[in-house]
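S.K.: Chain B: place on chain A using the hints.
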Amino acid sequence: MTTTELDVAIETSIDTISEASLQSTTLVCDGNEASAWGVALARPDVIAIYPITPQSSLVEYLAQFVAEGIIDAELMNVEGEHSVMSALQGAALAGARTYTATCGPGLAFMFEPYIRTPGLRLPMVTSLVTRDTLTPQCVWGGHQDAMLVKEAGWIQMYCETVQEVLDTTVMAFRIGEHPDVMLPVNVNSDGNYLSYGVTGISLPAAPLVDAFMGQKNINWHAALDPERPMAIDPLTGGAGGPGPSMFANYRKSQCDGMQNALRVIEEAHKDWGDRIGRYHSPLVEEYRLEDADYALVTIGSMTGAAKDAVDAARDRGEAVGIIKIKTFRPFPVEAINRALSKVKAIGVVDRSVNFGWNCGPLYQETLAAAQQLQRFIPSASFIGGLAGSDITVEHFTQVIEDTKQLLQGRTYNEPIWINRND
Amino acid sequence: MTTSFKSGVPNLIPYTVEYPEQVPDNLCPVARDCNTMLPGDWRAERPVVDREKCVKCATCWIYCPVQCIVEKPTWFDINLDTCKGCGICAQECPHRAITMIEEVGR
Numbered sequence: 001m002t003t004t005e006l007d008v009a010i011e012t013s014i015d016t017i018s019e020a021s022l023q024s025t026t027l028v029c030d031g032n033e034a035s036a037w038g039v040a041l042a043r044p045d046v047i048a049i050y051p052i053t054p055q056s057s058l059v060e061y062l063a064q065f066v067a068e069g070i071i072d073a074e075l076m077n078v079e080g081e082h083s084v085m086s087a088l089q090g091a092a093l094a095g096a097r098t099y100t101a102t103c104g105p106g107l108a109f110m111f112e113p114y115i116r117t118p119g120l121r122l123p124m125v126t127s128l129v130t131r132d133t134l135t136p137q138c139v140w141g142g143h144q145d146a147m148l149v150k151e152a153g154w155i156q157m158y159c160e161t162v163q164e165v166l167d168t169t170v171m172a173f174r175i176g177e178h179p180d181v182m183l184p185v186n187v188n189s190d191g192n193y194l195s196y197g198v199t200g201i202s203l204p205a206a207p208l209v210d211a212f213m214g215q216k217n218i219n220w221h222a223a224l225d226p227e228r229p230m231a232i233d234p235l236t237g238g239a240g241g242p243g244p245s246m247f248a249n250y251r252k253s254q255c256d257g258m259q260n261a262l263r264v265i266e267e268a269h270k271d272w273g274d275r276i277g278r279y280h281s282p283l284v285e286e287y288r289l290e291d292a293d294y295a296l297v298t299i300g301s302m303t304g305a306a307k308d309a310v311d312a313a314r315d316r317g318e319a320v321g322i323i324k325i326k327t328f329r330p331f332p333v334e335a336i337n338r339a340l341s342k343v344k345a346i347g348v349v350d351r352s353v354n355f356g357w358n359c360g361p362l363y364q365e366t367l368a369a370a371q372q373l374q375r376f377i378p379s380a381s382f383i384g385g386l387a388g389s390d391i392t393v394e395h396f397t398q399v400i401e402d403t404k405q406l407l408q409g410r411t412y413n414e415p416i417w418i419n420r421n422d
Numbered sequence: 423m424t425t426s427f428k429s430g431v432p433n434l435i436p437y438t439v440e441y442p443e444q445v446p447d448n449l450c451p452v453a454r455d456c457n458t459m460l461p462g463d464w465r466a467e468r469p470v471v472d473r474e475k476c477v478k479c480a481t482c483w484i485y486c487p488v489q490c491i492v493e494k495p496t497w498f499d500i501n502l503d504t505c506k507g508c509g510i511c512a513q514e515c516p517h518r519a520i521t522m523i524e525e526v527g528r
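Sequence lines, in order, name chains A and B. So for the first sequence, our numbering puts the first residue at 1; every next one is plus one. So for the second sequence, our numbering puts the first residue at 423; every next one is plus one.
The reader is advised that the hints may include incorrect statements.
Said to hold, decoys possible - Here are a few chain A residues that face chain B, going by a calculated C-beta distance under 10 Å:
no.: 1; residue: GLU19
no.: 2; residue: LEU122
no.: 3; residue: LEU208
no.: 4; residue: PHE212
no.: 5; residue: ASN217
no.: 6; residue: ILE232
no.: 7; residue: GLU401
no.: 8; residue: LYS404
no.: 9; residue: LEU407
no.: 10; residue: GLN408
no.: 11; residue: GLY409
Said to hold, decoys possible - Going by beta-carbon spacing under 7 Å, a handful of chain B positions derived as facing chain A:
no.: 12; residue: ASN433
no.: 13; residue: VAL445
no.: 14; residue: ASN448
no.: 15; residue: PRO451
no.: 16; residue: ALA453
no.: 17; residue: ARG454
no.: 18; residue: PRO495
Because the hints were derived from the structure by calculation, they are not lab data. Remember, it's a predicted structure, so these values are computed and weren't measured experimentally. Cβ atoms here follow ideal geometry from the backbone N, Cα and C, with glycine treated the same way.
Next comes chain A alone, as it looks inside the complex (with noise of 0.2 Å):
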């Protein structure tokens, strides 16, 4: 369907529109078919794909809801990932909106490519379902691959259920979108856990979604036109002429970007929730944050464990509450300020590691921001979840006692590593 058959679509519908085409759908999925209706409600012009664990059977609801004419696209299969970032850029250059999905092995292969999409502008939508790297060899999830992109300007926005991965998808394309930020979307989804998790999920009305997504624009700055001749990334940089300020101002605006998208996925968000009716945290969520002491600072999965874990720890008087980090790049500095000012101690638990500073990536990020709040936050790094492993509600319990310690003088000069006694 082309932009003006949407146009006209919305339209018609909004006169000759049912109730009953209004409801949304309960189904009951796993977070790849999730991904995959996400991607149907947004309407994607071209999607390219390449199939690797976890990530397999996304790809393959796609190729099926494109050969029932679910989804009005045209579908590449190419022959690895390093291609299908390269067509989606052209594509996405000739105004499509466009789609891919990949993780672990398969990221690395594209990424070439993959650097290229954000100095580009272009702001297509990659699902990550997330892999532990190699080696020790593993298929299963971690958020390693991730990690690893974290500076590569593609926004991150991590999810910790099936549902939130679906509806995560549709607002993904319309954030990168916006003229504010256009810059590519990764929604990250854990391998194995939300990957192959199957849960209930509400599914809304294609015409409510479309309301949202509004009309689409890809290519208003930078196109594949013969009516608008121009070379693309022609070079730019070195040491004399105009150079050095061209390379500078192209970067200063990605950095802007990157700062315009923190706004517009609020925005997002919200609206998400006035028009569809469910409300997910956009940047950081605090959860039984009001009166307590001290937090866990989670990302992903692993936070529903840790509800769980809270809610016990709660029961028996404990102050403990959760920050979630759901935007990971750019990193909502301020938001997770406005959570840490309110507790005296942090464990922070992520699924990957930082080999630099023997830490989490996740640690390191959250003690640059709060190093902004001028006080000292006694704080942990733990380590778990990598390659499949679970990290229980058992496991969680655990991590709250270490964290509680911090308050009692005790410090940590390692991470903790939480699955290494298992």
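M.R.: What follows is chain B alone, placed relative to chain A:
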């Protein structure tokens, strides 16, 4: 639950967003004019033909990899827009009619 739910009147008014009147010049690197980037702009040495020695044997014309040798009435000259200063003509000239001079002050 990570989410709260609120039901209300269905909102079918399409979301709109304002685009800037002009595309910002610091967004995506694009060029609307061609830069010819002639090799002459980055040459380190330039060939100079000694007209007294040149016999128009065309050896330089045959060897020049960028075909910048230009025929004149009694000698061969160099098109310095496209000459990249490789020095092959000076090396091959059987009459030693071509010398390479360092480019300075450009």
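S.K.: Hints first: check each against the structure and report whether it holds.
M.R.: Cross-check of the supplied hints:
At about 9 Å, the closest approach between the beta carbon of GLU19 of chain A and any beta carbon in chain B falls short of 10 Å, and the interface hint on this residue holds. Annotation: LEU122 of chain A was flagged as interfacial toward chain B, and the flag holds, the nearest CB pair being 8 Å apart, inside 10 Å. Interface restraint check: LEU208 of chain A against chain B, minimum CB-CB distance 6 Å, threshold 10 Å, status holds. Because the beta carbon of PHE212 of chain A sits about 6 Å from the nearest beta carbon in chain B, less than 10 Å, this interface hint is met.
This hint holds: ASN217 of chain A has a C-beta 7 Å from the nearest C-beta of chain B, less than the 10 Å allowed. Annotation: interface hint on ILE232 of chain A holds; nearest CB of chain B at approximately 6 Å, less than 10 Å. For GLU401 of chain A, the interface hint is violated, the least distance from its beta-carbon to any beta-carbon of chain B being 25 Å, above 10 Å. The beta carbon of LYS404 of chain A is not positioned within 10 Å of any beta carbon in chain B (closest approach about 24 Å), and the interface hint is therefore violated.
Given the 10 Å rule on beta carbons, the hint for LEU407 of chain A is violated: about 27 Å separates it from the nearest Cβ of chain B. Interface restraint check: GLN408 of chain A against chain B, minimum CB-CB distance 31 Å, threshold 10 Å, status violated. Annotation: interface hint on GLY409 of chain A violated; nearest CB of chain B at approximately 34 Å, more than 10 Å. For ASN433 of chain B, the suggested interface contact is upheld, since its CB lies about 5 Å from the closest CB of chain A, less than 7 Å.
Because the smallest distance between the Cβ of VAL445 of chain B and any Cβ of chain A comes to about 5 Å, under 7 Å, the interface hint for this residue holds. This hint holds: ASN448 of chain B has a C-beta 4 Å from the nearest C-beta of chain A, less than the 7 Å allowed. About 5 Å separates the beta-carbon of PRO451 of chain B from the nearest beta-carbon of chain A, less than 7 Å, and the hint is met. Against a cut-off of 7 Å between C-beta atoms, the interface hint on ALA453 of chain B holds, since the closest Cβ of chain A lies about 4 Å away.
The beta carbon of ARG454 of chain B comes within 5 Å of a beta carbon in chain A, closer than 7 Å, and the hint placing it at the interface holds. Hint status for PRO495 of chain B relative to chain A: violated, with the closest Cβ pair at about 39 Å, above 7 Å.
Hints 7, 8, 9, 10, 11 and 18 from the earlier list are contradicted by this structure; the remaining hints agree with it.
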